[in-house]
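Chain by chain, the residues run as shown.
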Amino acid sequence: NAGVTQTPKFQVLKTGQSMTLQCAQDMNHEYMSWYRQDPGMGLRLIHYSVGAGITDQGEVPNGYNVSRSTTEDFPLRLLSAAPSQTSVYFCASSYQTGPYEQYFGPGTRLTVT
Amino acid sequence: EDKVVQSPLSLVVHEGDTVTLNCSYEVTNFRSLLWYKQEKKAPTFLFMLTSSGIEKKSGRLSSILDKKELFSILNITATQTGDSAVYLCAVPPRGAQKLVFGQGTRLTINP
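Listed in order, the protein sequences are those of chains A and B.
Under my numbering, the first residue of the first sequence is numbered 1, with each subsequent residue one higher.
Under my numbering, the first residue of the second sequence is numbered 1001, with each subsequent residue one higher.
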């Protein structure tokens, strides 16, 4: 099992550009989520999904879109990048329809200039 | 508002010392508390404490949950340089399918 994979590892964007962060898991997990991590602020939930076709907002959803067309994939789209979105982004998944024992991907470090 | 607060935010000790990390929480209808260790990349799961399992131990790491006082502690004995990491505490509020994380404690073990 590859576990949770994320691409790219690093990305630099200019303000106003859009992009998609990819996340995939091969553990047949129903629950998937996206977090951002900023210094001194721990992990904050952006969006999550409890199964294919079902998504919901977390604490900091503004400026981000998600979709879940398959169990395996959960891409995060930045619509119009802003410097405030400079952060490290983690995708996570768990077996149960809930957040227990989440398995995290390696992260994507995004810089918006 | 659901809240998880960790202390201290940063801790530097010498190898061999014992450390205690704290996590206090205010969430609606508590059901569990999770500890994660984050080295350079992704957080990795350490323990989950619930109403029916308020104490966990794995090697030099142990954790207890005090549901009355709404906190948990993570103890690491005989620390090693490999214990250097950010330790995160998280709680899922009942009825909300998400985790609320604390800010993390950055632990540095000096040789």
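Just so you know, these hints were derived from the structure itself, not from any lab.
Only a predicted model underlies this, so the values are computations on that prediction, with no experimental measurement involved.
Beta carbons are placed, not taken as given, at the ideal position from N, Cα and C, and that holds for glycine.
It is possible that part of the hints are untrue.
To be verified - Computed beta-carbon distance windows for the label pairs:
(1) B/THR1028 / A/ASP38: 24 to 32 Å
(2) A/MET41 / B/THR1050: 21 to 29 Å
(3) A/LYS14 / B/ARG1060: 14 to 22 Å
(4) A/GLY16 / B/THR1077: 24 to 32 Å
(5) A/MET41 / B/THR1044: 47 to 55 Å
(6) B/HIS1014 / A/PRO8: 22 to 30 Å
(7) B/THR1108 / A/MET41: 32 to 40 Å
(8) B/THR1028 / A/VAL12: 21 to 29 Å
(9) A/LYS14 / B/GLY1016: 46 to 54 Å
(10) B/SER1062 / A/ILE54: 18 to 26 Å
(11) B/ARG1106 / A/ASN65: 30 to 38 Å
(12) A/GLY51 / B/THR1050: 18 to 26 Å
(13) B/GLY1016 / A/SER67: 26 to 34 Å
(14) B/LYS1067 / A/ASP56: 37 to 45 Å
Exercise. Out of the numbered hints, which ones does the structure contradict?
Worked result: 3, 4, 5, 6, 7, 8, 10, 13, 14
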